[in-house]
Each structure stands twice: as structure tokens, then as C-alpha cells.
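Visitor: The primary structure of each chain is shown beneath.
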Amino acid sequence: MPAASSGGFTLTKTGINSAGDLTLTGFASPGGPGLDAAAFVIVGRNSQVESEFPALLDPAGQRLEASACIPLRALDVAGDSLADVYFVSRGPGGESRTRVTWDRSVARWLPYPTKFGNLSLKRKDS
Amino acid sequence: MSGMQEVGGGRLPDMKYFMVLWGIADNFGGMTTMSLHRAGAFGEAGRPTAVLTFDIKPSYASTVERLRSQGKLSGDTEVLNVFQHYRAVDARTVAGPKPADVPADEGQRGLPEVTLDTAGNIYTRTFLRPDGTTVAARHFYRPDGTEFFRDEAPQSGNGAAKGRFLTLIDDSGSPVAQWRRAGDFYRFWMTELAAGQPAAFIVDSSFASKVVAPLEASNIIKLMVLHNSHIGGGGDPFLGKLATGQKPIHENSLAWDGLVFLTRKQREDYEARFGTATNLFTVPNPKPRSSKLPDFAGRVPGRGVMACRLEPQKNVAQAIEVMARVYQQRPHVRLDIYGTGSLRDELQEKIDLLGLGEAVRLHGHTPNAAAQFETASFSLLTSRNEGQPLSLMESLGRGCPPVAYDIRYGPSDVIEDGLNGFLVPARDVAAAADRVIRLCDDDDLARRLGAVAWERSERFSDAAVLQQWAATIETAWRQRTERLVLVELDFRLEELFYTPAGGLGITGDITWVQQSGPAAEGLLRANLVVAQRTGGAPAFFPAEIEARGPGRLGISAEVTEHQIGLGVRDDNAELDILLQVYGNNVLKSFRIGFPGSGPSWRPYATAHASLSLKLV
Chain A
1 MPAASSGGFT LTKTGINSAG DLTLTGFASP GGPGLDAAAF VIVGRNSQVE
51 SEFPALLDPA GQRLEASACI PLRALDVAGD SLADVYFVSR GPGGESRTRV
101 TWDRSVARWL PYPTKFGNLS LKRKDS
Chain B
1 MSGMQEVGGG RLPDMKYFMV LWGIADNFGG MTTMSLHRAG AFGEAGRPTA
51 VLTFDIKPSY ASTVERLRSQ GKLSGDTEVL NVFQHYRAVD ARTVAGPKPA
101 DVPADEGQRG LPEVTLDTAG NIYTRTFLRP DGTTVAARHF YRPDGTEFFR
151 DEAPQSGNGA AKGRFLTLID DSGSPVAQWR RAGDFYRFWM TELAAGQPAA
201 FIVDSSFASK VVAPLEASNI IKLMVLHNSH IGGGGDPFLG KLATGQKPIH
251 ENSLAWDGLV FLTRKQREDY EARFGTATNL FTVPNPKPRS SKLPDFAGRV
301 PGRGVMACRL EPQKNVAQAI EVMARVYQQR PHVRLDIYGT GSLRDELQEK
351 IDLLGLGEAV RLHGHTPNAA AQFETASFSL LTSRNEGQPL SLMESLGRGC
401 PPVAYDIRYG PSDVIEDGLN GFLVPARDVA AAADRVIRLC DDDDLARRLG
451 AVAWERSERF SDAAVLQQWA ATIETAWRQR TERLVLVELD FRLEELFYTP
501 AGGLGITGDI TWVQQSGPAA EGLLRANLVV AQRTGGAPAF FPAEIEARGP
551 GRLGISAEVT EHQIGLGVRD DNAELDILLQ VYGNNVLKSF RIGFPGSGPS
601 WRPYATAHAS LSLKLV
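Going down the list, the sequences are from chains A and B. Under the UniProt record's numbering, read the first sequence as residues 1 to 126, first letter to last. Under the UniProt record's numbering, read the second sequence as residues 1 to 616, first letter to last.
Keep in mind that the hints were calculated from the coordinates and are not lab data. Be careful, since some hints might not be right.
To be verified - Below, in silico cross-link-like pairs of lysine-lysine (BS3-like), each with a Cα-Cα straight-line distance of 30 Å or less:
1) A:Lys115 - B:Lys162
2) B:Lys265 - B:Lys247
3) B:Lys210 - B:Lys265
4) B:Lys241 - A:Lys124
5) B:Lys210 - B:Lys162
6) A:Lys115 - B:Lys241
7) B:Lys614 - A:Lys115
8) B:Lys265 - B:Lys241
9) A:Lys13 - B:Lys265
10) B:Lys292 - B:Lys241
11) B:Lys247 - B:Lys350
12) A:Lys122 - B:Lys241
13) B:Lys16 - B:Lys162
14) B:Lys247 - A:Lys122
15) B:Lys57 - B:Lys210
16) B:Lys72 - B:Lys162
17) B:Lys241 - B:Lys98
18) B:Lys16 - A:Lys124
19) B:Lys247 - B:Lys292
20) B:Lys16 - B:Lys247
21) B:Lys162 - B:Lys241
22) B:Lys265 - B:Lys57
23) A:Lys122 - B:Lys162
24) B:Lys16 - B:Lys57
In isolation and in its complexed conformation, chain B is listed as follows (with noise of 0.2 Å):
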């Protein structure tokens, strides 16, 4: 392992290592709790870690002393952010890329809105156009008063946009470096703080995602946590579309050393749906367990415990509903919910609706709820999909047994029903109610599921989910230089022919400009692939090579009416046809469509079976 030092026995490489997020709101849910702590975990091996951020945020300061007393922030690690960086360093010493003048804004803006930092200084002005939104110029200053940095984007008199300039300026006024967008700043200042040394990117941040992704050296690996399904919705994994916010992580798959699930069944659905690649890796949430199962006889009986988000995903009028039906057999059962969200008002009016003011109390965002679960008779999980829920594991490791819906994605790997708690199907109240009345009514059957969830909860400690940590980066390191680094990968189709039996076949050109790692073209393959329209993993048929050269290979594939119809369920009246492009790092599909540019005539099959054309 060049540039590092080799490790082994499951600890951490010696490198630098970043947790990267957007920001850190003030109320912030499971992905950032996780980033923060992973961070803490890496410290605490031995791996100092730095979160970092890119909010136009004055200070860090308060958000990082509250955090370190919730003890959601260890001591060591640092929350650094790209504007308080430049704002402290010495402009001078920065070797950024050339300024050049910035044009003329011609454009219309406004008197500036002027943000204070935590000493009453100017921190930032920004000036908006008419429209009152869009920025025309966002100016920061140093606490003397001095001007550090200003992001720019000039517009001639009609309107027309003349660029973006982002300008790094000294303490006596003169600009110093300048990027054209956001994104170089950053990842320059990424580089800067790798300093040419070993070091791993961790994002948990799907919107930070589009800043890491293009960022390559040498010297840095970069990792993306799967936070949330894939899919929209949390739907059917080979139905559903791509959940919108993950959509240009799957579809530049192939720009990270690492992309990593949660869960070992969302990472199955989506290889059994895309395929498989050498930078997906399994890594789950660490979670600290308590040191010791706490004592049963500490749990209020007909108590149970949701700790949540009021949002939509969570599903929580789902729970209130499954209340209600507890409540009519067991009205002494109770449910706390610690949490705020958007929904908190319409949550409350439906408790109120539903005369359960006595059974279910929303408590609102309360520090540490964790600890909760150490006195509950169980908790409720009724989300509409996960990752891998927080509250689930925070449950397991406090003996506290669940009642689960069996979502995409979480919950089917860490419960065993009727073993550890309890798994019922997804928006089935009445099964979930059940369960809940079973383990109030059963003091022997509680303590049982909650002993063996406190148990199996150890394959999520620090130190177990740390080791899988070093061996994913361990890899994602040793692979670097075989991972592909392509743009504009693109399917050409040349020829699409049927076959009178009912087969099909395609010929066309895969292409792609190479800008680092092996050969692609001897690395990369094909896969013709036939989805099934309402459900079922699709079916994959190898294609061949026809020719192979630098950014290209020509590939040619068939498929007989037999191979076709080959597993596909019989309710299933369509199938969609694809090209599956990998090899190493990369997965990318292709839907296969008709050479040639459209509108033109596509030949088809009429109901008859007979050869028709049709204007598309």
C-alpha cells in the first residue's frame, strides 16, 4: 500500500480521515448523529477525523460546545468549514488557481443583506437581483473588517448570465485565487486539507455528494454512505425509480472508490437489479449498546417508545393508528414519541381526533432519547422506508424488544421474529397492534426478546462496525488504481434486428473518454438485459466484444423467444430491454431504444404478430 502504512487485524489505516457533510442543522436526524459518531469512533481508534462542512455558517462554535455536552461530539473531533477555513487562514499562503478581472455586472441588484457573526462583526453581505432569490454576490469579511472572499456572478444589461467568479482575497484587498465554481473551491480546499497525504472522504451527505464525486488524486479515496433506499419511496427495489436525491450518485456510480449500504438486503436488491461492481461494500451503523442489559425491572410496563422525525417518511400516523387499536383492548398502554418534525400539529389533532391524549404523547425533540428505551416495555417502528433506522438499533441496544414494519430498508436484518422483537408486514396495523399487546400482556415474553436484542446488538458496536470500517477502506484504498475514471460513458446503437421466433439482438458502440486508471477497454463488459415490467429481477445475458480500441468497444448481443421469457412471472405482460455496461468500478445501464434519431419509423409487432411500423 504505497504512501500508507500497511495495517492489519481489523484497525483502521493510518491515513487522514473526513466525515463530510452539507452542514449541521440544529435539530438534525439519524444521518448526521451517525456521521458525527462514526467521527467520534474513528477518534477514539486512533484516527482523528474532522467533520467537514459547506454552509455560510459565521461559527461552528455554539453548535460544537452544545454537541460535545449531548455527547453527540467527541472531544477530538474538529467541525471544519470552508468559509470559516479561508476567513482564519493567511490568503497569501494559498496557491489557487490564477485571478483574472471579473466583467461588469450590469444586472439589477438590491441594497445587501448584511449577516453578523457571533462577535457582532460583518461576516457576509449578499446582494440579490429583483426577483429577490437569486444571488447577484455574496461578499465575506474577516473579523478586521477585510474582505476574504467574494463569490460573483455578473450579468450583462438584458440579463444574460457573464459567469461565476469565486474570488480569495488578502488583507490588503488584492485577489489572491479564483475558481469559476463552486465546486473547484471546494474540493480545492479538500486537497489542501488531504495535503498530499493518504486520505479517505466519508460522505453522508447526498447533497455534499455532488462536490465530492469529481474530486481526484492520488492520495484521496472517497466514500458514499447510502443513508436511505435507493429507491423513491422506499419502493419495489425493481420498480421503483431512483430516489431523486440519490439518482446522480447511482448514475455516476462509478467516481466513487466506495459506495456503501447499510443494510446487506438493500445492497443485494440493488446488485440483484443493477449488478455488481468492486466499489460497493456493506458497512452498518455503529451503534454504542449499553454496557449491560438494563435491568427489566427499571421498564414501566405498557410503555413503549418511538423516537423520530414528525416527516412523512416516518410514518408516524401509522403508529397512532396502530394505538388506537391497542388502546381499545389495553387502554392502560402507553406510547411516548420524542421527535419534532413538520407534522407535529397534524399528529397531535389526530391523537386528539382519536381520544388517545392519554396513550400517546408527543414529547417533541428531547436530548437523548435514546435512553428511553432503557424503560420501555417496547418501541414502534412504522416507517415507510429506512436505511437503516437509528431508533431500531438504539432500541436493540438498550433490550428494549421492537414491533417493526418490515420496511426497505433495516429491519428484516436485524430482527429475527418472535426472537429479538417483532416483524410484521409494512401498513399492517392490526398485526402491529397485536404485537404490542402481546408483549404488555406477557412480562416473561418481553424480557426474553429484550435480552436477546440487547445480545445480538454487539455486531453493531463501535468496535465490530469499526473493523468492517477498516477493511472496506483497507480495499477501497488497494483498488484505487484500478478504478476506472471515465466521462461521457454512452451506448451507441448501431442495428436492433428481430428474429421471426420471437428473439432479438442488438449491435452498437459502447464509448467513453478514459482520464485515468487501466485500459477500459480491456476491463469493460456487457450485458443485454431484459427487466420485467411489474416486478422480478431482471435477466442478464452476456454480449460479445466485437472490437475493442481506446474509448470504445463495439459489442454485439442476442437473445432467443426462449432466453426472454426465461423466470419471468406470469403476471407480467412487458419487458424493458437494457444494456448493461461494467467492469471494476463501473455499473451503468443504458435503456436500449431504436438506432437512429427520432421521430422516424420504428418497426414493431402488431397483436397478430405481424411486421408494422410505427411513427415515434
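This is chain A alone, in the form it adopts within the complex (with noise of 0.2 Å):
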């Protein structure tokens, strides 16, 4: 797995719909001379298994939106149970891979599926 480079990703928004779609919403950071590509990257965590989903780019005045809907239930992933989201961007300089997280400094409550499918959600560090 490259290791993620310059090129960044900050999260507006994500959810899932009824039709069991992750949808990603975001502003892409080129990082460098240009992007000409960006995807979203779906990594079983034991596996390792990746699954691409292509992002949809749309300047934003000085930004650059990236957003996808990515169906779940395709995703290929046997064997695994877990799997971690990555943002890729490639340009001219290369291609870049960083992590989809939330705002860590001010995010104090996470979300997670409880054992019964239910949404709940913990306390970070706790």
C-alpha cells in the first residue's frame, strides 16, 4: 500500500442511504501542480483487499469537491468483517493516498454499528 503523500482530503459529509450507498462528500487538497484523478479506496483490513470507486471532482470557487456513492453491497471484500476508507489523488506528481476521517479536534462523540445494527455512539478516547 503507497504511503499517503502531501495530497489531502477534508470531509464534509458522509452517510449512507437506503439503497445501502456510502456516500462521500468532501474538499480535495491537490497538494501539488495539479489533480488530474481522485478515488475513493476501500482496504479490507485483514485482506487488504482494495476496491476503487472513482470520485466526482467539481470546482468550488477556489476548492475542489470531491464526492462518490459507492455501493456497498457490491463491495468485494471476502473474508473480512472490517474494512478503512482512503481518499487517492493523482496528478502530475504522483498519486497520493491519505485517510477519510472526521475532524479530530473538535469530533468528541464517534458513531458505530452496535451488535444488534443499531446507531450509537462513544465517547472519543473513552
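Starting from two chains that each stand alone, build the complex the way the hints lay out.
Guide: This is the structure we're talking about:
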């Protein structure tokens, strides 16, 4: 797995809809002379199997909005029950990969699914 | 108030009244006592009230006679039973659902078990399946030997059920009416009793609530009295699960014109957790007090009294432990316990083991045990949970100062610590023993507390409580046309989203099928609820109504990270998310999960606040 480089991604919203699709929206930070393409990559925690989903890039003023709608039902990470989500940007300077995260400086309550499939929140650092 | 004479001044409205129990056991507890007493009090107030039962009992005559002689059932209170009723009436006059042929029973059945009525006539023949417990059919007979009712559950040869058939039969043996569910038969009877006139059914038995809840008629209101904590075992009001017996009541609370709590504290706890609705009321149990304060000189020094069933909920074992401590310092103090139950032998063993044979005496069931409070210096209540303990009210009404655990619910509503009794923390045996000793050592204290106890018990007199019932019934009757009768009330989550700062939001549809009442889409609202996993009241955040239509509300709700954390105690590390739907009599909460069917990948945050997916 390539190391995360100077490229970045600032999440503005993520969610899941009734079709079971993961939606992701945020701003890409080119971090170099340009950004030609971007994608979200889901990596099986144990298998390290990767599934890549192209991001839609849309200039928004001075910034570049990146979004995707990922059909999780089709996710092929056999043997895994956990997977991590990355943002990959590609440009003249090569490829950079960064983990999609909450805003760690302010987020104090983090969501998780209970064993019964319900939504709960856990206090960060608890 | 159409169809009913307008009344005021705290008088019970002019309508038919029924108290609903499942049955009347030979040795019943506080719930039945209060139901029978309330029926009598309504009767004395000019509103004759019948007690309804559904158990298969040939006759209530001897029970009624005994209860009347004991003063537990007033002379003008009838006890009616659904089977005894149809045994006596002319079946041809019953305009019930048209009967159909009952499929042949191809299953195996044994010889019938026969029960006789008090005159020695056959009352029922019951045919059981080979497992010895499943009823294949039960036939009911009139005193003249003709069959009047048949309850059948035929099977195919391989044991598949063919349905249930409850058939009313005339004296020539012809079926005249038939129901496919027992509840429908019971409700038909109740509707016949109301006879199209304004009627109030006040249900005391949680078991009978299943029969009454689906009863819908424009001339009928239904009120459910909650005789115990709504939380199993009287646990934490914000954490505990709903008590098993009451769960169906609360999960379908919109079916009731009134859910009646016995104490203000219990209703407050309920509303703080689940929200409020127009059909929540508070009416304490009425308890007759002695007409004057019993003379203190008539109290036996150092004698305490408990009156309760010897069952786990009453926690009598701890009362014995209290007395063990008292005995070490004041060996002359006595505790007389009146009542019986499944723990009698175990408790006697404990008394013997602790060498308290002289200090604690189990007297068993004793008629009019309440009179014992007139000659006691203190009473003791160590229950784990209650709705409003009858024995505590009896003790106060007879000027006997109580020492009570501060449990949910009841004691803290009626005891002002040190003024009309003593309130000690639940399970604090040492504190209870200390208060008993203080009352036994200090006659002036016992006299003073007892006098205040008797004076303040006035608010639980029949007259005072009937006024509250009158107001409750008037309100419930007035509101009945505004009651939303909905089935299949549900919430379908369309989208769940997170914001990077830690907020979250949902969109989705609240759906239902409306049977009666004003258009629900104009009245229902919703809150996103953040509930604390380890205790404390939840927080409610209003949802936006995005779309309204018959049977559907589209809603969205969002909470910020700041809102989520508001009021959360430091010891709470986990929160649960719910959606509360409310409006008029509707109060229902849905746990929020993830959209779509599972198992599927669910987005979550790792401990480092990174986005990951989990297959759940």
C-alpha cells in the first residue's frame, strides 16, 4: 500500500442511504501542481484487498469538491468484516493517499453500529 | 359532551363504569383490593360499577359472599364473568358474528377433564392434546346440561392448526354466533354491556389489558391503571427495560384513552424518558383512613407491622435483616408480618437461623390486616419496587409512622422524612434499623409522626381521589374524538449522515394506517432523541417535517456535536440514538439503526476518528 503523501481530503459529510450506498463529500487538497483524478479506496482490514471507486471532482470557488456514491452491497472484500476508507488523488506529481477522517480537533462523539445493527455514539478517547 | 350528561364539581360523569380484572384469586393482593375498593367507592358516589372477569370459573357467588362479609366488596358492586354471563342469557338474543362450519379436528386428543359448578352440574369438558397442556377444545354447559359455548382449535392430521373457533350455541344445540379470536369474543361482551351508552372501562390487570386495548367504540373510553413500576424490577427509570407485563401496554400506549399512574414521581420519570402525551394521567389509589386518629395509648410499645405478600418483590428478607440489627440493641421490639406467599418457608427458615423467633412472626393471611396498624408503633416497607404500596397508605391512614425504603414508586410521594415517617435509601438495612429504634425509644416522636401521617392521608380519602377520577374521566371522554387510532406505526430510515465535526442527521418516513380520529399527518411530530447509556435523562431535538400526506410524514433531523454532548454526564461514554413520534395520544420511540436491510456494511468512526466500515 503506497504511503500517504502531501495530498489530502477534508470530509464535509458522509452517510449511508436506503440503497446501502456510502456517500462521501469533501474537499480535495491538490498538494502539488495539479490534480488529474481522484478516487475513494476501500481496503479490507485483514485481506488488504482494495476496491476503488472514482470520485467526482467539481470546482467550488477556490476549492475542489470531491464526492462519490459507493454501492457497499457490491463491496468485494471477502473474509473481512472491517474495512478502511481512503482518498486517493492522482496528478503530475504522482499519487497520494490519505485516510478519510472526522475533524479530530472537534469531534468528541464518534458513531458505531451496535451488534444489533443500531446506531450508537462513543466518547472519543473513552 | 355529547351522549353524556354534563357534570361538574368533581362528580363522576354520568356513564356506565366497569373495573376490569382477569379474575379474582382467593388470596389476592393490592391490585385487586384497590380495584374492588374503587368499584365500591364509585358506587357510593352514585355510579354503580361492575367488576368484569374473564377466567373460566363456574361461579363467583361464594367469592362475592366472602368478600362482602370481609368488607372488601361493597353491596352494590356486581362481579360479572363472560362465561357465566352467556351461560345465563338466551343465546338466541345475542346478535354476534354469523357462525360458520368448524373444520374437522384430525388431531389426537385425550379423554375430557370435567369441571363442575357449585351445584354439581357439569360446567366444562376440556379435551387436551397428547402433550397434556394444549387445549384442543373446551365445551361449556348450562345447568340443564345443554351446551352453550364451544372453544375449539382443530388441527390437521399432521398437527397443523386450522384456526380457532369460539361458538355460542342455543339450547337446541344450534350455533348462533361465532368468533375467531378469544379477544373478539370478550370485546363483543364488553360492547354488549356498554349497550351503546357512554361507558368507561378501567383496567387494573395487565393481563386483561390485551383484551381491552383493541376495543374501539365511539361510546367507550378505556383507562389502564399502572399498578407497578413500568421498569422491570423497579430499576433505573432511564436505563431499565420495560417490565415484561407492561411492555405491550407502553408499546401501544396510543390505544388507551388514559394511562393512569398512581404517583406523580412515576409519571415524571416516564415522561422524562419517553415524552408526554394527552392520555397520561395521575390518580392515586384511594384508601379509607380511620375516621379519627387512633389513640396512641392503644399502640403496643415496640410493636411493628408489615402487611404484604411473601413474594420476592416485597423483599421481606431485608425486613428480617433490619429486625436482626434492631434485636441486638432492643430485644423487646417485635415485627408482626401479615400475608402469605411462595417464600413463607424460606423466610421462616431465615427467622429461625437468625434466632429471631420471638422478634419476627409470620402470621399468614389475615382478614383485615390493615387494622393491625392501629395498634403498632411503626410499620416497615422494604419492597424492591411498587406502584403505590397499599400497606404504606394503610399505615399512614391509621396514624402508624412508617419506615420505608425510598423505592420506585410510592414512598417518596407520601413520606416527608422525619415529618410523617422515615424514608431511608433502598437496601440500607442499618438506616432502617436506626429509624425503627428511634421510633421505639421516643414515644413523643412516634406520636408526632403518627399524627401527621394520619392528617396528611386525607388527600388519599375516597372523596379526594374520586374527584381526581372524575376530572380524569371527563378529560378522557372529551378527548376521545381527538384520539388517533393508528396501526402499523413505523419509521423507515432513508438516510443517515455524519458531519466531520461529530454531528449527525437522519431523513426518513414515519408511516401508519389510520383507523379513526383526526388526520394524523396534521398532528404528529417527531424528535431525534439522544439517550445516555449509563443513566440520566435523554435529550430531545425537534425534527423538521419535510412532507405530509395521509399515512406518511417525511422528516429530517440533525444534531450538532455540541448538541449531542449537552447535559451528558461525565461517566457516560456511550449514547444511543432514537426517534420519538408524538402527537395527541401517540407516543412511540424507534431505535435508529442504519438504512437498508442487513447484514451490510455500516460506516463508523474508529477510535482515531477515521472512517471505516463494519459488516453488521
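Visitor: Work down the list of hints and note, for each, if the structure agrees.
Guide: Each hint tested on the structure:
{"no.": "1", "hint": "A:Lys115 - B:Lys162", "result": "38 Å, violated"}
{"no.": "2", "hint": "B:Lys265 - B:Lys247", "result": "19 Å, holds"}
{"no.": "3", "hint": "B:Lys210 - B:Lys265", "result": "26 Å, holds"}
{"no.": "4", "hint": "B:Lys241 - A:Lys124", "result": "27 Å, holds"}
{"no.": "5", "hint": "B:Lys210 - B:Lys162", "result": "23 Å, holds"}
{"no.": "6", "hint": "A:Lys115 - B:Lys241", "result": "18 Å, holds"}
{"no.": "7", "hint": "B:Lys614 - A:Lys115", "result": "10 Å, holds"}
{"no.": "8", "hint": "B:Lys265 - B:Lys241", "result": "18 Å, holds"}
{"no.": "9", "hint": "A:Lys13 - B:Lys265", "result": "42 Å, violated"}
{"no.": "10", "hint": "B:Lys292 - B:Lys241", "result": "43 Å, violated"}
{"no.": "11", "hint": "B:Lys247 - B:Lys350", "result": "35 Å, violated"}
{"no.": "12", "hint": "A:Lys122 - B:Lys241", "result": "21 Å, holds"}
{"no.": "13", "hint": "B:Lys16 - B:Lys162", "result": "38 Å, violated"}
{"no.": "14", "hint": "B:Lys247 - A:Lys122", "result": "28 Å, holds"}
{"no.": "15", "hint": "B:Lys57 - B:Lys210", "result": "20 Å, holds"}
{"no.": "16", "hint": "B:Lys72 - B:Lys162", "result": "44 Å, violated"}
{"no.": "17", "hint": "B:Lys241 - B:Lys98", "result": "43 Å, violated"}
{"no.": "18", "hint": "B:Lys16 - A:Lys124", "result": "59 Å, violated"}
{"no.": "19", "hint": "B:Lys247 - B:Lys292", "result": "42 Å, violated"}
{"no.": "20", "hint": "B:Lys16 - B:Lys247", "result": "29 Å, holds"}
{"no.": "21", "hint": "B:Lys162 - B:Lys241", "result": "36 Å, violated"}
{"no.": "22", "hint": "B:Lys265 - B:Lys57", "result": "38 Å, violated"}
{"no.": "23", "hint": "A:Lys122 - B:Lys162", "result": "50 Å, violated"}
{"no.": "24", "hint": "B:Lys16 - B:Lys57", "result": "25 Å, holds"}
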